[in-house]
Amino acid sequence: MHTSNALDPQSPLARAIYDLGIVSGVVFALIFIIVTGAIIYAIFRFRAREGEPDPKQIAGNRKVEIAWTVIPFLIVVFLLVMTLGAMNRADPPPAPSPDLVVTGHQFWWQADYPGSGVITANEIHIPTGKPLSVRLESKDVLHEFWVPKLTRKMTNVPGQPNHIWLQADKPGIYIGQCSEFCGTQHAWMRIVVVADEPSKFEEWQRAQLLPGQAAASDATAKGLALFQTSTCINCHAIRGVAGADLRVAPDLTHVASRKQLAAGIIENTPANMRLWLKNPQHIKPGALMPDFEFTDEQLDQLTEYLSTLR
Amino acid sequence: MNGTTTIAEFRDAILDPAKRAHYRLAWISTVDHKRIAVLYMLTALFFFVVGGVEALFIRLQLAVPNNHFLHPDTFNQLFTMHGTTMIFLVVMPVVFGLANYVLPLQIGARDMAFPRLNAFGFWCVPFGGILLHFSVLAGGAPAVGWFSYAPLSETPYSSSPGADYWAVALFVLGIGSISFAINTIATVISLRGPGMTMRRLPLFTWINFVNAFIVIFALPVLNAGLAMLLIDRQLQGHFFLPFRGGSPVLWQHIFWAFGHPEVYIMALPAFAIVSEIIPVFSRKPIFGYEFVAASSVAIAVLSLGVWGHHMFTVGMGRPLDVFFAISSMLIAIPTGVKVLNWTATMLGGRIRFDVPMLFCIAFLIQFLVAGITGISHAVVPLDWQTKNSYFLIAHFHFVAVGAIVFAVLGGIQYWFPKMSGRMLSETLGKWTFWLMVAGFNMTFIIQHFLGLLGMPRRVFTYPDLPHWGWMNMLSTTGVFFMSAAALILVWNLATSFFRGKVAGDNPWNAWTLEWATTSPPPHENFIALPPIRSRRPLWDIANPDRPDPIVGENSAAVTLPDHNKVGILTFILSEAGFFGTLLLAYLYFYARPEAGPGPKELDVPRTLVFSICLFASSFTFWRSEVGLTKQRRGSMLGWLALTILLGGVFLVGQVNEYWKLFQTGVDLSTNMFSTTFFTLTGFHGLHVLLGLIALLIFLWVAWEGDFASGRGSAFKAAGYYWHFVDVVWVFVLLTVYILPLIR
Chain A
28 MHTSNALDPQ
38 SPLARAIYDL
48 GIVSGVVFAL
58 IFIIVTGAII
68 YAIFRFRARE
78 GEPDPKQIAG
88 NRKVEIAWTV
98 IPFLIVVFLL
108 VMTLGAMNRA
118 DPPPAPSPDL
128 VVTGHQFWWQ
138 ADYPGSGVIT
148 ANEIHIPTGK
158 PLSVRLESKD
168 VLHEFWVPKL
178 TRKMTNVPGQ
188 PNHIWLQADK
198 PGIYIGQCSE
208 FCGTQHAWMR
218 IVVVADEPSK
228 FEEWQRAQLL
238 PGQAAASDAT
248 AKGLALFQTS
258 TCINCHAIRG
268 VAGADLRVAP
278 DLTHVASRKQ
288 LAAGIIENTP
298 ANMRLWLKNP
308 QHIKPGALMP
318 DFEFTDEQLD
328 QLTEYLSTLR
Chain B
7 MNGTTTIAEF
17 RDAILDPAKR
27 AHYRLAWIST
37 VDHKRIAVLY
47 MLTALFFFVV
57 GGVEALFIRL
67 QLAVPNNHFL
77 HPDTFNQLFT
87 MHGTTMIFLV
97 VMPVVFGLAN
107 YVLPLQIGAR
117 DMAFPRLNAF
127 GFWCVPFGGI
137 LLHFSVLAGG
147 APAVGWFSYA
157 PLSETPYSSS
167 PGADYWAVAL
177 FVLGIGSISF
187 AINTIATVIS
197 LRGPGMTMRR
207 LPLFTWINFV
217 NAFIVIFALP
227 VLNAGLAMLL
237 IDRQLQGHFF
247 LPFRGGSPVL
257 WQHIFWAFGH
267 PEVYIMALPA
277 FAIVSEIIPV
287 FSRKPIFGYE
297 FVAASSVAIA
307 VLSLGVWGHH
317 MFTVGMGRPL
327 DVFFAISSML
337 IAIPTGVKVL
347 NWTATMLGGR
357 IRFDVPMLFC
367 IAFLIQFLVA
377 GITGISHAVV
387 PLDWQTKNSY
397 FLIAHFHFVA
407 VGAIVFAVLG
417 GIQYWFPKMS
427 GRMLSETLGK
437 WTFWLMVAGF
447 NMTFIIQHFL
457 GLLGMPRRVF
467 TYPDLPHWGW
477 MNMLSTTGVF
487 FMSAAALILV
497 WNLATSFFRG
507 KVAGDNPWNA
517 WTLEWATTSP
527 PPHENFIALP
537 PIRSRRPLWD
547 IANPDRPDPI
557 VGENSAAVTL
567 PDHNKVGILT
577 FILSEAGFFG
587 TLLLAYLYFY
597 ARPEAGPGPK
607 ELDVPRTLVF
617 SICLFASSFT
627 FWRSEVGLTK
637 QRRGSMLGWL
647 ALTILLGGVF
657 LVGQVNEYWK
667 LFQTGVDLST
677 NMFSTTFFTL
687 TGFHGLHVLL
697 GLIALLIFLW
707 VAWEGDFASG
717 RGSAFKAAGY
727 YWHFVDVVWV
737 FVLLTVYILP
747 LIR
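Protein chains in written order, with the working numbering: chain A, 28 to 337; chain B, 7 to 749.
To be clear, the hints were calculated from the coordinates, so they are not data collected in a lab. Heads up, the beta-carbon is just placed ideally off N, CA and C, and yes, glycines get one too. It is possible that some hints are incorrect.
What the hints assert, rightly or not - Here chain B is said to cover these stretches of chain A; the calculated rule only asks that three of the stretch's residues, wherever they fall, bring their Cβ under 8 Å from a Cβ of chain B:
(1) 145–153
(2) 321–331
To be verified - Derived DSBU-like pairs: lysine-lysine, alpha-carbon spacing no greater than 35 Å straight-line:
(3) A:LYS166 x B:LYS606
(4) A:LYS197 x A:LYS249
(5) A:LYS83 x B:LYS507
(6) A:LYS197 x A:LYS286
(7) A:LYS305 x A:LYS249
(8) A:LYS83 x B:LYS606
(9) A:LYS197 x A:LYS227
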């Protein structure tokens, strides 16, 4: 099972944060043990007994006070030095141009690869071993990109592009999600990062650049026609389909190649695709895709078309 | 009000039907600080139940993965209302209530400095609470989170009026909080009893006094932000709308410039309670009074400069990130000093484990955890992982519940005998305590780990990832323990009020002045004050063989400053914060010029003429004041009338300026310049108008013949306000009209 465990870093960026966490964790644990120890000692050693007079009235001790003002100060200086180092390791300055642009929408992600021209949604593919310079944008409200195993989190601010680095040591699937509340379906704005060996990544990139091509059949042709004549085409892009170039909603050119639908709420199977098309507001209430009330036959055709767009 | 009654008399009275109606009205119209304090706390208790039920529903929805119990919109409304309610309608009212009760008693005062203002401040709480909850009937509660981040909170993304009610309610509550803070400061400065010098203040009073200053600096910033948000939503402004040139990041700066001090506004009163209880139950004075007192000031000052640690992931840039990392780490030092001083107070004591002390010990350990995880958010890269995750939720609930609520529960157990004359049940108190300890830790410890496993906050449900299911279930289970604790607490309060053991004046054998009067205290608190020569007057009486060393000078004749003057100057301080925020917002957008109308549209020479009228009115007011002092009625009335006339001319000039701009098609919604210009000058104009109304009232009163030099203090106070409004205009004039000419 894929996880989003920040304690299992899988890139030099996330490891820089993790290592800092271990060092500070030790400092924190020591502070906790010493102070709690003193409290527990006081509880047992200085419990009042019947008939005892009030103890010696000690109102303070200047030397002790100065000592425990200075010691926390030294701890803070130590943590600050560690912090500054880790900030530079976990978040170096951006590259002149981004390798990847991730744009937040209510409630899904668009991923653009300016180098190759690939545009996809919710499932981000990266090559292993190579740090990618990522620009974060938003088309509406604030969102936040967070894949704990790979890198820091960062807010997608409309009108103010932000930057992070993204890297994975090993091939695998790393998950995360939007962590800044962005509206009704904030919970289902999940992220999948698929890291592949560079050669496999290149292969994926080449496949993504091809125009969307469904299996040839009567049903898919009717499905395509439905896509064009219903309002789908007003929001969704499919490269190779005339007029389908608006990206208000996820790009569907290779939708069937993705693992999940609707930013992580259901697995991407033809049956789920049909359910989604039938009643998106039932599956993801508040998503910006309306219910269309397709007939069963139309649903079959549209499902057939979309689930063969590999 | 004719004749005030004590709570004990009230208790007897409500059993007599004939007297009931009278007493109900008496409580509504009361200006007695003790009754107002009780009203504060009862209101907080009511909303505590409301906010608690909201929390229960939140946790029920999250108990299992992929849950469909609540609709996502309902869930989002619930967590927004839970956060807003608990902060503004529970913690703030309850800590203000405690201070309202105890603080005047501790300094030997008969009441707060401004009893009517005190009542006003309280009534803002239920009024604000009703406004907030009215949204439910008006199209849905706000669903934008308690910090209402723009642009989600803007009309295009939240079209229902929930966010409007949220903003208006917080504005009203903010005004209430500011008026309480003004009252607190004036009370401590002007109404201390004989011998109660500033250096002899009990720590509870000292820390609440310091806290009032944070309120004075922080709340006006929020109110300015709320005004801008409302202007965006209701008048088509663009402060926080990125696609019209506004800045969502500016909202974050404004909100957290209030929001982080707000954490201390809630936490310092908890420190105040603990600093009072731990010494009494350890039978020793606080260890290092000066350090605890000074560290509170350090926290108050630093708290105004740490807000950016809420914004480490918004892209402020490295220099600001580092600045706020340093300031946030520094604030750990005075906080740490406090924890060590409380611990050292226990060491060498004779500790009695009554319920108030139990809550304080749990407070100490839980606050230690909260403080440590707090430092981890100042260690910037750790914040980059844990922010907006359940780790953060766990951290601030350790602050809000583990520290603040525990301290308040200890404080209620401690002072309830003073308020009611009867003890709370120790047995039921111990049940509440242990159920709270168990439930609280069960709910929130595990959430640290959920956050590290990648669970973000504010999700209405979550996929079934490894460990997420059982961790959430455990967290939800704890809520039932806390709910049981709350029910027992309410039962304890209700039954002990009528049947509890009679307390006597000083049941805990404590040392501060509130224990030197009856329980409950009579109207105007004291029959006679004991001699005050140290920080623990009752210790000195009980231990004549070993009294505390005398603190400071023991001079008998000290004239305290006039409370009207202190009050109005504090009010002006808060207004300066409000206008300062509006001015900074203006400059923020002035620095990023855009197309469309700008300062060039303004007619500077004409505005200068009207400005001279306003400035001249400060002079004429001063002449009028001289007239009053010298008891020359004609001179006073004449100069005052001229002042009002000059102020009126200024306003006419402003209305004319607006009219001309409207004629050329420039209104508030045109662009960023017009949004900021009309907001800044409009609020100034509104203040001039209010000042004029106040001056007209004085004119009328003096005309009618109520013309005694004894009124001088109030008239002087109005004068300070009038001069302040002029000073604000100096800044507005320089910024809006003169600055563009220099460029």
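Taking the hints in turn, this is what the structure says about them:
1. Look at the segment 145–153 of chain A against chain B: 0 of its residues bring a Cβ nearer than 8 Å to a Cβ of that chain, fewer than three, so the hint is violated.
2. For the segment 321–331 of chain A, the proposed coverage by chain B is not satisfied: 0 residues have a C-beta within less than 8 Å of a C-beta in that chain, short of the threshold of three.
3. As the CA atoms of LYS166 (chain A) and LYS606 (chain B) are separated by approximately 33 Å, the hinted pair is consistent with the 35 Å bound.
4. With a C-alpha separation of about 42 Å, the suggested pair LYS197 (chain A) and LYS249 (chain A) falls outside the 35 Å cut-off, and the hint is violated.
5. Of the pairs offered as hints, the one joining LYS83 (chain A) and LYS507 (chain B) holds, with about 31 Å between alpha carbons and a cut-off of 35 Å not exceeded.
6. Distance hint between LYS197 (chain A) and LYS286 (chain A) is fulfilled; the C-alpha atoms sit about 19 Å from each other, no more than 35 Å.
7. Taking the CA atoms of LYS305 (chain A) and LYS249 (chain A), the gap is near 17 Å; set against the 35 Å cutoff, the hint holds.
8. Of the pairs offered as hints, the one joining LYS83 (chain A) and LYS606 (chain B) is violated, with about 74 Å between alpha carbons and a cut-off of 35 Å exceeded.
9. Simply put, LYS197 (chain A) and LYS227 (chain A) have alpha-carbon atoms about 13 Å apart, close enough for the 35 Å limit, and the pair holds.
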